[in-house]
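Number of protein chains: 2
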Amino acid sequence: MPVPPREYGGTERIVHTLTQELVARGHEVTLFASGGSKTSAKLHSSSPTPLWQNGADALAWHAMEVEELVNQSSHFDVIHSHLDVLPWLAGHRYEAPLVTTMHGRLDLPDQRSLLSRFREWPLVSISNSQRRPVEDLHLNWCATVYHGLDLEHMYELGDGAQGHLAFVSRLTPEKGPDLAIEVAIKAGMKIVVAGIVPDEEKDYFESKVKPLLDHPLVEWAGELDDAGKNRVIGGAAGFLVPIQWDEPFGLAFIEALATGTPIISSPRGSLPELIEDGRHGFLVSSEDELVEACRKVKTLDRAECRRWVLERFSPPRMAADYERVYDGLVTEARSAAG
Amino acid sequence: MPVPPREYGGTERIVHTLTQELVARGHEVTLFASGGSKTSAKLHSSSPTPLWQNGADALAWHAMEVEELVNQSSHFDVIHSHLDVLPWLAGHRYEAPLVTTMHGRLDLPDQRSLLSRFREWPLVSISNSQRRPVEDLHLNWCATVYHGLDLEHMYELGDGAQGHLAFVSRLTPEKGPDLAIEVAIKAGMKIVVAGIVPDEEKDYFESKVKPLLDHPLVEWAGELDDAGKNRVIGGAAGFLVPIQWDEPFGLAFIEALATGTPIISSPRGSLPELIEDGRHGFLVSSEDELVEACRKVKTLDRAECRRWVLERFSPPRMAADYERVYDGLVTEARSAAG
Numbered sequence: 002m003p004v005p006p007r008e009y010g011g012t013e014r015i016v017h018t019l020t021q022e023l024v025a026r027g028h029e030v031t032l033f034a035s036g037g038s039k040t041s042a043k044l045h046s047s048s049p050t051p052l053w054q055n056g057a058d059a060l061a062w063h064a065m066e067v068e069e070l071v072n073q074s075s076h077f078d079v080i081h082s083h084l085d086v087l088p089w090l091a092g093h094r095y096e097a098p099l100v101t102t103m104h105g106r107l108d109l110p111d112q113r114s115l116l117s118r119f120r121e122w123p124l125v126s127i128s129n130s131q132r133r134p135v136e137d138l139h140l141n142w143c144a145t146v147y148h149g150l151d152l153e154h155m156y157e158l159g160d161g162a163q164g165h166l167a168f169v170s171r172l173t174p175e176k177g178p179d180l181a182i183e184v185a186i187k188a189g190m191k192i193v194v195a196g197i198v199p200d201e202e203k204d205y206f207e208s209k210v211k212p213l214l215d216h217p218l219v220e221w222a223g224e225l226d227d228a229g230k231n232r233v234i235g236g237a238a239g240f241l242v243p244i245q246w247d248e249p250f251g252l253a254f255i256e257a258l259a260t261g262t263p264i265i266s267s268p269r270g271s272l273p274e275l276i277e278d279g280r281h282g283f284l285v286s287s288e289d290e291l292v293e294a295c296r297k298v299k300t301l302d303r304a305e306c307r308r309w310v311l312e313r314f315s316p317p318r319m320a321a322d323y324e325r326v327y328d329g330l331v332t333e334a335r336s337a338a339g
Numbered sequence: 002m003p004v005p006p007r008e009y010g011g012t013e014r015i016v017h018t019l020t021q022e023l024v025a026r027g028h029e030v031t032l033f034a035s036g037g038s039k040t041s042a043k044l045h046s047s048s049p050t051p052l053w054q055n056g057a058d059a060l061a062w063h064a065m066e067v068e069e070l071v072n073q074s075s076h077f078d079v080i081h082s083h084l085d086v087l088p089w090l091a092g093h094r095y096e097a098p099l100v101t102t103m104h105g106r107l108d109l110p111d112q113r114s115l116l117s118r119f120r121e122w123p124l125v126s127i128s129n130s131q132r133r134p135v136e137d138l139h140l141n142w143c144a145t146v147y148h149g150l151d152l153e154h155m156y157e158l159g160d161g162a163q164g165h166l167a168f169v170s171r172l173t174p175e176k177g178p179d180l181a182i183e184v185a186i187k188a189g190m191k192i193v194v195a196g197i198v199p200d201e202e203k204d205y206f207e208s209k210v211k212p213l214l215d216h217p218l219v220e221w222a223g224e225l226d227d228a229g230k231n232r233v234i235g236g237a238a239g240f241l242v243p244i245q246w247d248e249p250f251g252l253a254f255i256e257a258l259a260t261g262t263p264i265i266s267s268p269r270g271s272l273p274e275l276i277e278d279g280r281h282g283f284l285v286s287s288e289d290e291l292v293e294a295c296r297k298v299k300t301l302d303r304a305e306c307r308r309w310v311l312e313r314f315s316p317p318r319m320a321a322d323y324e325r326v327y328d329g330l331v332t333e334a335r336s337a338a339g
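Line by line, the protein sequences give chains A and B.
Mind the numbering: the first sequence is residues 2 to 339 in the numbering used here, read in order.
Mind the numbering: the second sequence is residues 2 to 339 in the numbering used here, read in order.
Keep in mind that the hints are not guaranteed to be accurate.
If chains are identical, the list can't say which one is meant, so a pair holds when it fits in one copy or spans any two.
Here are the computed lysine to aspartate or glutamate pairs in the DMTMM-like style, where the Cα-Cα straight-line distance is at most 25 Å [to be verified]:
#, residue 1, residue 2
1, LYS187, GLU220
2, LYS209, ASP289
3, LYS299, ASP204
4, LYS297, GLU274
5, LYS39, ASP322
6, LYS299, ASP227
7, LYS39, GLU220
8, LYS211, ASP58
Honestly, the hints are just simulated from the structure, not real lab data.
Everything numeric in this text was worked out from a predicted model, so none of it was measured.
In isolation and in its complexed conformation, chain A is listed as follows:
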C-alpha cells in the first residue's frame, strides 16, 4: 500500500506517522512500501504502483519486498514489520532483529493457529486487550505501543454546540449503528449517521440500518471528507459508536476526542485503555445505560478530552515507545552475538 494512504487504511497511516517522526528524531529510516508512497525516509518501492491498482498480485510483490529486505538486512540495526506472517518465513536469514506490530484482531482461529506456530518472533500489540485471546500461547510480546497520530493538526477543538450525537464509522454490525440510532431516539436526541457501507455489508445496511434513517431525529450524512468529519463530530455532544466487538485499537475514537467530543460506547476491546470512563466518555453495556450516558455526556470537559488524546496518542510518544522496543532488541541481539 502507498504510504500515507490515499483512502482508508489505518495501518498505513500509522506507518507513515511513525516513519516521519523517527526521521524527525534523527534516525536513518528506509521505508519498504509500494510505489506512489511519499515519505521523508529513504523509500524502497518494490512495486511501481500501489498494489490495489491494475489487479496487481499483492502476494508476489510482498514476497519480492521480503526478499529484498533479507538482502539489505545487514544495513539495518532493526527491522520493523507490519506485514504479519510473510517476513517470518525468511526465518533466520535476516542480519538484524525483526519485530512485528500486529495490527489486526487475534481472536480468529486462523490467527491463533498461525501465532502458535511462529511463537519465537518478537511482537508488539496495539492494546493490551488485543493480546487477550492468545494470552495462553505465551508469545514473545515486547510491548504494547498505542498508536499515535498528528491529531493536533488534523482536528480542531469543536464546541459541541449543535448538541447532537454523532455516529461516524464504517456501517457494520460490529460498530452498532442500529443500536446507536435506537439509543439516540430513546434519549430524544438528534443523531447524525455517516460512514462507508462496505460491499459485504450492503444487505445488513438495507435491512437493519436504512429503515431507521427515516426517523425525524436521524440525519444521514453519507460518506464524509475530513472537513465534514471535523464539523459533524466537533459539533456533536457525544461520539456514539457502541461497538459490539473487541476492537484492537479504534483510531476513530481518538480522532473524535481530538475534536473534544466524548465517547459513548461499550467497555470492550481497547476502549477501557484509550479513555478514562466518566472523564472522556462513558463505557457502558446496556441500552438503558447508553441512553443515560447520552443525557449526561454534555457535563464532560471537552478541552480535557482533547488534551488527553493529544498527549497520550501523539507521534512523539509512539516513536519514543518504539525506540525503547528497538533498543531492547538491539541490545538482545548484541548480547546473543557475544
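For this one, chain A is given, so just place chain B on it according to the hints.
Coordinates of chain B only, in the frame set by chain A:
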C-alpha cells in the same frame, strides 16, 4: 486445497495423480495439503478443513505449511512445490533441494518481476511455450514435464456418431466460445456449448455469447458432470475450443482426445506441443480455416487420438519425467555438499 479436488482445480488433480503414481512406484511421499485430502501418500494437513471453506486465511495456512516443511525438510531427499513464490522466501533453510512446477501463465508483468528476483530456484515448466515470455531471464529451468492424468479410466473412446461439434470449457473470452459458435454456424454443423460462466465473466457471457445460443444449430447444455462430458465430447465429431490466449497447458484438450475426439483450435500456447497438427486435430488461426477444419475433422482417426494421449499424457510418463528431475537435483545437491 484438498487433493484430489472436489470441484474444479487442475493443479490439484495433477498433484494428486503424481502423488498416487509415485507411491505406486515405491517412493515414500509426504503430501502437504489441506484437510479433507485423500491420498495414498503420508498426508500432512496444516489446516483442518479445505482452505476455501469458512473464509479461511489461505496465506496464513500456506505460511504454516511452509514453516512445517522447513522443519521437516531433513527427512526428505527432494521437495516438490506447487505453491510458486511462498516457499522461496524460506531461502536456504531447507535441508533438501526444492523444485517448483509453475502451473500458471508467465506472460503477466507481475510474474516477470517475481521470477527475475528469484531466479536461482529450480523450475519445471508444463510446456515449452509456457517459458517463452520469460526466456530472456535465463531462469533455472530443469525440464518441461507435460501433465499426466488417468485418462484411460476417466474417459471412454466415443464413436463421434452424433457428428456435432463440442465446445466444453469455461465461458471466457480466452476460450473463444463466440468464435466457436460462429464457426459452427458457418460450417453448417450443430454445436453443443457447455461449461461454467465465471462470476467475473457474466457480462461477457450475457452480451457476447447468450445472443448466439438461440440459433437452431446451437444447443446450450450448461454445466456438465463427468458422465455428461463423456457423452457430449465422445459423441462429437470435433472438440472446437478456439483459444485466444497462450494457454500454458490445457487439460481439457487431452481429455477430449481421450474420448477420441480431435481438436480444432488455434496454434497458440502449448497446443502445438500437445498434438500433431493434421493427425489429432487442426490448429489454424483464421475463421475460414476453422470452418474448413470442422468440415474435414471426421476424416481423422479417433482411435489414434486416444492412443496418442493415453501414451503421452499418462501418470507413469509424468512420474518418470519427475523422477529424472528429482534424480538430477539430488545428484547436484550431493556434489555441492562435497
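Hint check results:
1. LYS187 - GLU220: within (15 Å within a copy, 62 Å between copies)
2. LYS209 - ASP289: within (20 Å within a copy, 58 Å between copies)
3. LYS299 - ASP204: neither (35 Å within a copy, 54 Å between copies)
4. LYS297 - GLU274: within (22 Å within a copy, 78 Å between copies)
5. LYS39 - ASP322: within (24 Å within a copy, 50 Å between copies)
6. LYS299 - ASP227: within (24 Å within a copy, 69 Å between copies)
7. LYS39 - GLU220: neither (37 Å within a copy, 56 Å between copies)
8. LYS211 - ASP58: Intra 36 Å, inter 31 Å, cutoff 25 Å: neither.
Of the numbered hints stated above, those contradicted by the structure are hints 3, 7, 8, listed in ascending order.
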